[in-house]
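With chain A fixed as given, assemble chain S onto it according to the hints.
Number of protein chains: 2
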Amino acid sequence: MSLRGLGVDPRCRCIETESRRIGKHIESVELFPPNPHCKDTEIIATLKGTGKEICLDPTAPWVKKVIEKIIANKAP
Amino acid sequence: MSLRGLGVDPRCRCIETESRRIGKHIESVELFPPNPHCKDTEIIATLKGTGKEICLDPTAPWVKKVIEKIIANKAP
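As they're listed, the protein sequences go chains A and S. Here the first sequence is numbered in this note's numbering, starting from 104 and rising by one per residue. Here the second sequence is numbered in this note's numbering, starting from 104 and rising by one per residue.
Pulled out of the complex, with its shape left as it was, chain A reads as follows (with noise of 0.2 Å):
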């Protein structure tokens, strides 16, 4: 779940990733696309209450599930 640097080192930001389900302790999802820095998409949601930055695996299917329900305006 630890982040790199941001923004003083332009690589990847995540190294690990959160494998529980965290969807209802979601404050916010950022979505990185992939860019010259760093060949695959990233996703970095902040948790309510901490604020804590937590990376999430884009290929898994409760990520995708919790990105879904946002955008149908519910939430995750």
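Watch out, some of these pointers could steer you wrong.
[What the hints assert, rightly or not] Derived CB-CB ranges, DEER-like: (1) S:N138 x A:R123: 32 to 42 Å; (2) S:K142 x A:K142: 33 to 43 Å; (3) A:K142 x S:H128: 15 to 25 Å; (4) A:K168 x S:E130: 16 to 26 Å; (5) A:E130 x S:I118: 14 to 24 Å; (6) S:S122 x A:W165: 30 to 40 Å; (7) S:K168 x A:E130: 18 to 28 Å.
Hints were generated in silico from the structure; no laboratory data involved. For glycine and all other residues, C-beta sits at the position ideal for the given N, C-alpha and C.
Using the frame of chain A, we list chain S on its own:
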């Protein structure tokens, strides 16, 4: 495309949304699910280069397409 003050005033963040298809200018997209302060999902894109934040319409087909592409590990 203006954003209400962030974090100080707990209401919706977006007043207007961008209608032009700006997919290729998008550096990241943040999704805010419905919550006690704002009953609708909000989507805020950060633009490449300027880092400017722009609200997108969660119901617009092109916005959904952008998010689908990012999740499918493609640039929007």
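Hint by hint, here is what the structure shows:
With their beta carbons about 21 Å apart, N138 (chain S) and R123 (chain A) fall outside the hinted range of 32 to 42 Å. As the Cβ distance of K142 (chain S) to K142 (chain A) is approximately 37 Å, the hint placing it in 33 to 43 Å holds. Distance hint check: the CB atoms of K142 (chain A) and H128 (chain S) are about 20 Å apart, consistent with the given range 15 to 25 Å. A hinted range of 16 to 26 Å holds for the C-beta pair K168 (chain A) and E130 (chain S), which are about 25 Å apart.
With their beta carbons about 21 Å apart, E130 (chain A) and I118 (chain S) fall inside the hinted range of 14 to 24 Å. For the pair S122 (chain S) and W165 (chain A), the supplied restraint of 30 to 40 Å holds, since their beta-carbon distance comes to about 32 Å. The hinted range of 18 to 28 Å is satisfied by K168 (chain S) and E130 (chain A), whose Cβ atoms lie roughly 25 Å apart.
Hint violations for this structure: number 1 only, all remaining hints satisfied.
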